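Here is how the chains run, residue by residue.
Number of protein chains: 2
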Amino acid sequence: MTIARTICLGFLAVISVGTLLLLLPISTSSGDWNSPLVAIFTATSAVCVTGLIVVDTGSHFSTLGQCFILLLIQIGGLGYMTTSTFLLLVLRRKFDLRQKLAIQESFDRPFLQGSQHLIRSIIITTFFFELTGLLIILKPFQEDYGFLKGLWIAFFHSISAWNNAGFSLFADSLMGYQHSIAINIGVPLLIIFGGIGYQVILELQYWIKSKLSGQRVLSIFSLNTKVVVRVTAFLLISGTIGFFTTEFLNLNTLGPLTLKDKLLAAWFQSVTTRTAGFNSVDFGSMSDTALFITIAFMFIGASPSGTGGGLKTTTLGILINCTRSTLRGHEQVIMHSRKIPTSLIYKAIAVVLGSATMVVSVTTLLSITEAGKFDFIHLLFEVVSAFATVGLSTGITADLSEISQIILIFTMYTGRIGILVFMAAIFGDPRPTSLQYPEENLLVG
Amino acid sequence: MTIARTICLGFLAVISVGTLLLLLPISTSSGDWNSPLVAIFTATSAVCVTGLIVVDTGSHFSTLGQCFILLLIQIGGLGYMTTSTFLLLVLRRKFDLRQKLAIQESFDRPFLQGSQHLIRSIIITTFFFELTGLLIILKPFQEDYGFLKGLWIAFFHSISAWNNAGFSLFADSLMGYQHSIAINIGVPLLIIFGGIGYQVILELQYWIKSKLSGQRVLSIFSLNTKVVVRVTAFLLISGTIGFFTTEFLNLNTLGPLTLKDKLLAAWFQSVTTRTAGFNSVDFGSMSDTALFITIAFMFIGASPSGTGGGLKTTTLGILINCTRSTLRGHEQVIMHSRKIPTSLIYKAIAVVLGSATMVVSVTTLLSITEAGKFDFIHLLFEVVSAFATVGLSTGITADLSEISQIILIFTMYTGRIGILVFMAAIFGDPRPTSLQYPEENLLVG
Ligand SMILES: [K+]
Ligand SMILES: [K+]
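Just so you know, the protein sequences line up as chains A and B, in that order. Using my numbering, read the first sequence as starting at 1 and increasing by one per residue. Using my numbering, read the second sequence as starting at 1 and increasing by one per residue.
If you're looking for bench data, these hints aren't it; they were derived computationally from the structure. Predicted model, so just to flag it, every value in this text is computed and none were measured.
It does not matter which identical chain is meant; a pair holds if it fits inside one copy or across any two.
Lysine to any residue pairs mimicking SDA-like chemistry, simulated, CA-CA at most 25 Å apart:
(1) Lys-262 to Leu-365
(2) Lys-373 to Phe-283
(3) Lys-211 to Ser-121
(4) Lys-373 to Gly-284
So that you can see chain A by itself, here it is in the shape it has in the complex:
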């Protein structure tokens, strides 16, 4: 079996177990058996760290059910590969070569040799950030809900934010904490570092360690880190400006807020939109302009090997630099004084074409199954949100027909395992060829 198919089946297995757990009467607050569609939708949404919901997490599920959801989020966020590797580590079994390859494929990092060290480092990083985040966001929740309940809420939202899952215990997500500085710092911090990718964090760790130990540090940042940090910073800033300007006067969203709160809310949405999926303003009341900008940002998505989805920041970086090379008449694509391998550029094209095809097909299907029941842009919003595992919604998820919800489940799944892995599992047929063909031009554009 190919690695791509292993990944597909691994996610499927975790989703199946999650569905069974959420079906049980102990998982619901009413004590009844859960509806199968609700169980499978919620389990998929949790494992795929999407955050779209058809029932209110806080009231529909029992505390145990909420624990199951958290567990699925953590497993999904760390990834099937990491988690299974972790289990193997704990059991102190030796890796065979095949597993080593699979892990490296999953992280796309041929330069990292010690897989065991890597996995341990990921787990420690995760716990470190989740704990730090919990401490930052603890106070406002304890003020409103007391010590124990507040701790549980902070614990839930910290894990949900780090894994960019977007699940919340509140029916209105984090709209009640629009004004809270702690929430507007802690949650974005978790989201950004969770979505930026482990490689970037590891390199930052190494850099900070070297600095602290007084060593003279050479440039140790990889091309990946440089591109990710730049594109992410650019998107965060332009997203904040975009939300702030388009919704400034909208009385249902930013309009009634003070200038400080307007900026906080715009910043929060800019961070959360590209993959996390919390919201501190009501997307159902947003203008078409803001919805469309949100769709574009969701589609671009997070950074690779983090917990987010979408095209990825690096893909966008490659596309932009390809375009620049073409306009300048260069033969090579150069980023930060490094040549980008052509195979990587083909990969970027595959991601773009696959993602666009998927979004267009699913949106077409939903426009048929919902036949005029909802505004088109709300359907497009829902589809891109599911595919990029963002989880924002204009509030229509629960009102969609059953067939549409099943289509969304499939969309979240392909979005999380990644369109490349999905296409490789179906169409992949690696037959390396040594045939040489003559080159010929054709007309483009």
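Could you slot chain B with the ligands onto chain A? The hints should help.
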């Protein structure tokens, strides 16, 4: 001045002259001076062979005004470069090297050496097809409007169809001829050959000549022709099926028609959608599904060096084959046993990124200037239609605010000169570099 800037200014010059002509009282049926915005919108739409209109061409303009529009369409269709070359030819002036280069750039065909022969061949081909088309579509118009008026209508629609302009003398485009076999054959024939590109037609001509003269013909079709013909055939068939199935039951479009007429109308829309812009059914009554499929087809567009716009069939072909290569683990992109140069793949990426950026930006702008006045999908439809120089509309063009209409004029212009040429004119800065950089991987997808 770079070639890209020459092309930009050339189109601007023709549009300016056209605007002045259409401003004159002799151009309007009322005999009054035309409104400046109507004149510039119509002139741009004609020169850019788009076909979006803010006034009814048949009733607002005098016959002389309609002649001006036809002239602008013909100039726009043949292209600024071809036309100016033709004028030079007529004047029997020698080409200098600079002009020769400009012409070859405009056709992107370095293999063609004799520019004069090429231009003559293009003109003859154009007249041949326009005359043939006129004869095919003549009868139904003469039956309804008498000999002379019918001839004029057929003449107008033949030129408009060959140049994929989509201008019609009827307020409801060709909806009145939904059932006519002659129209459903003649107009699509003109559109397909007008949009397929001169290179393909020249190669077909050569092939037919060789066949007729009894010569044994070697494979003379270029990679470009093979790709264009295949992708075009695929799009025509899938478009027909798409319209037929999605609108089968829609009482305002295909629903009331007989099976034969349903098929005719679906076929007609499939042909006209990717760039021509006539319609034989009412797009204002179409389902969101059909509108969305139409938007996708418009965005893909016609074939290069023809009279159409959009991403182009070859770009789509390259993207699909890149994806296939990635999934199969190949190092090269092979189409029809030919290797695609990497520079061409970069060019395809530039076209896709540029087009997507343009469509998203303009749609965002229009959603601000129209602020909730129209359904979002109708605005998106209008923008893609303008950018891909299609000219289909759900009927909102004339109701848009003046600022939106000005934005659309700009969109039609960039769409027609081509996003690559436009970007090259603005950002282009060909500084060939001989620096070599080390290769480095980064994470994608
Ligand atoms: K999410
Ligand atoms: K057109």
